[in-house]
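Enquirer: Protein chains in written order, with the working numbering: chain A, 1 to 298; chain B, 299 to 809.
Don't take every hint at face value.
[Unchecked claim] Anything over 12 Å on all C-beta distances counts as not near chain A; from chain B, calculated:
{"id": "1", "residue": "ASN324"}
{"id": "2", "residue": "PHE382"}
{"id": "3", "residue": "LYS383"}
{"id": "4", "residue": "GLU434"}
{"id": "5", "residue": "SER448"}
{"id": "6", "residue": "ALA449"}
{"id": "7", "residue": "GLU468"}
{"id": "8", "residue": "LEU472"}
{"id": "9", "residue": "GLU509"}
{"id": "10", "residue": "PHE513"}
{"id": "11", "residue": "ILE519"}
{"id": "12", "residue": "LYS530"}
{"id": "13", "residue": "ARG561"}
[Said to hold, decoys possible] Where chain B lies over chain A, by a calculated footprint (3+ residues, C-beta under 8 Å):
{"id": "14", "region": "140-151"}
{"id": "15", "region": "225-233"}
Don't read these hints as lab results, they were simulated from the structure. As the structure is a prediction and not an experimental result, all values here were calculated from the model. Cβ coordinates follow ideal geometry from the N, Cα and C atoms, glycine included.
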Amino acid sequence: MTNYNFSSKFKPANILSIIVFILSVIFIAFKGLNYGIDFKGGTLIEIRSINTDVSSIRNSLNDMNLGDVNVKKFGKEGDFLIKVEEQGDNNNLIPKIKQKLSDSLNSEINFRRVENVGPKVSAELLQSGIIAITLSLAAMLFYIWVRFEWQFSVGAIVALFHDVVITLGVFSLLSLEINLSIIAAVLTIVGYSMNDTVVIYDRVRENLGKYHKLEIANIANLSINETLARTIITSVTTLLALFSIFILGGEILRGFSFAMILGVFIGTYSSIFVASPILKFFKVSYKTLEKEEEKIVP
Amino acid sequence: MLNFSKINVLIIYIIFLFISFFSILNFQENKIIDKKVNLGLDLQGGSYLLLEINSDNLVEEKIQSKVIPIKKLLKDNGLSYQNFKINNQNLNLIINDVEKFELLFFSKKDNVVNPYLDNYRSFELDYKKNNNNEIEISFSKFGLLTINNSALKQSIEIVRRRIDDVGTKEPTILQRGEKRILVELPGLKDPERIKSLLGQTAKLNFRLVSENDEFGSEELISENGEKLFVSKRIVMSGENLIDAQPSIQNQNNEPTVSFTLDRLGAQKFGRATTDNVGKRLAIVLDGEIVSAPNINEPITSGNGMISGNFTFQEATDLALLLRSGALPTPLLVVEERTVGPDLGEDSIKSGITSLIIGFVLVILFMFFKYRIFGLIANTALIANLIMLVGILTILEATLTLPGIAGIILTVGMAVDANVLIFERIREELKTEKSIIHAFDSGYARAKITVLDANITTLIAAAILFAFGSGPVKGFAITLGIGIVTTLFTAYFLARHLTSLVVLNNNKEIKI
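Could you build all of it, start to finish, from the sequences and the hints given here?
Expert: What follows is the structure, given as structure tokens:
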């Protein structure tokens, strides 16, 4: 078993967390999130064409008055992603764009992917994404409250909130696209981070019962150390899988796996440096457990 | 925890073999049971369309059709009224005796004007009093719902007919919510033809062309730009068509659509053409004149032909639209996602590659970390994957690209259960003299933690399943099932294997 003194680092870590959290909120509020067409509406076209480049694609679409058109390379050589902003309900937009591209680019075009999300649907998708994240946080809060005491529940939820906000903050900072799969990633992060927190909390509960005389800071420290090997091994195997997706899984899964990798780091950090200090803040002791002894179902 | 009765062991392996059997089905050509994991549109290529009906026009039409019955009701009961106006989806009028009107309006017995909808316990129409004696009649909430529902049901039926007629393979057509129709067309590379076929209501009617701007006529523009006054009276409509086929007119090789009418249609058509020889008959499709030929002689056979400078494709599509019948309302494509087959193939390739690499990395890591118990964990992991695929097969679930990501993630996270247990056993070994006891209490004590830890991820997966759409749902499915198989393989399979190792050589066990 390792014997690092985590609890002595709680304070500087908390200050760091608060700073990063506030920075994330500032970024999300002022720089905003780069919503993809799933949440903003609009059209996305992925093409493969050998003898063309970004500027000639952009030029050929310029005179169509499509408003904000975004063209960029996408993965392999010759693959491009074109994003066109929401044009209202228009069933003929896609064929027109395809026709225009075929006419003005002097090479064969393979339309690999075409997506169009209307204004109503994108608003609904965004709404259900927000509901899903909120609901998952609430469900976790409830689960921990049932399985542990309310102090643990608060600790877990603060840690989750910390993870979600900072992940989104990084996405805002790097202007990475938020789409449906990012919502999936965020929810998985919520599950993963919770998983980590629960493992430590379980041990804290056990140790609280075992060592009545120890301070909560020491209990937390002991519990973190006892579970540290597991925390690291699981993080490593999960990261091995995630890096494999990130590097080899193709362009479509890149944002998703990036968010997850980020989430594993932040989630592991928050279980140790956010969720545990909160128990100290609430002065949790074996008495906290005794009060609701009947409730605990081991 | 290490003692297994024979019957328990038997049950564990029977469950494992039973579920694994289904995963094999995916790799067999001739199957005993026809089940397999379906590939999502993002993997096999194809088109996903979400269509929305707009019943506003329909509601306006329906409220207009209430005008005459309401006037009749008022007249028959000696109620006088003024200022009868149609106002979009409402009818406004001033009435002298509102109380008497209300009694008639909300009578449950034989009420033709405002029928009582038994299943909703509500009347079809409702009214509100504005001021004095002015009232506003409109459809009630359930009246609107009834109109909407029947339009949706009818639209789904016609969408199905049109898509079947085009002949795409295995289309999925489903109702989504109260206003939407989901259409999935696997393998379809370009949905434009389907979209244009679904984008037209295809309301066809035959109306006489009037000489001038006489009463009861409207000005319509024909496809070649000619402006014609056309009578609002409909001679015959598309409902009377029983068949329509594209054909080539012999005289000038022009593609046309020939149609066959039912008995009633033939009668109507015959009478109109007999009475109006020499006049022109406009063929109006969705408010536009397709053509307006001269009536040269009475047509009583019930067969006819529509010409209109079509290409053969246009004639084929028009025939298809007429055969399938008119949509009650226009359909709007509110969401569309099409993936080409080569992108799908690339996604499968990169998905499988990253799965294999991730899997091998995790297995190597576990082996170097735990040696013999690493092998056990790895055996459990392989069993886990086989069972995961087996359950996906039993459910005939759809595998998407994010779904593959979910499997890879399961691989990474599945070892967690065994890691928790092994680390716990390591701790127990420090204080416990008996190795068997250490393993036993290690398993017992880690149980709660393993459950707690996995239930949280399961909650996240369940919420994702409920709120996610399309590919993301596929991720939630594999992640969720992955947790269940993880718990099974860690707590039954791996534990049994561990017990075999520990009970057989409990002298020199190291973990």
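Enquirer: Against the earlier hints, flag every one the structure doesn't satisfy and list their numbers going up.
Expert: none
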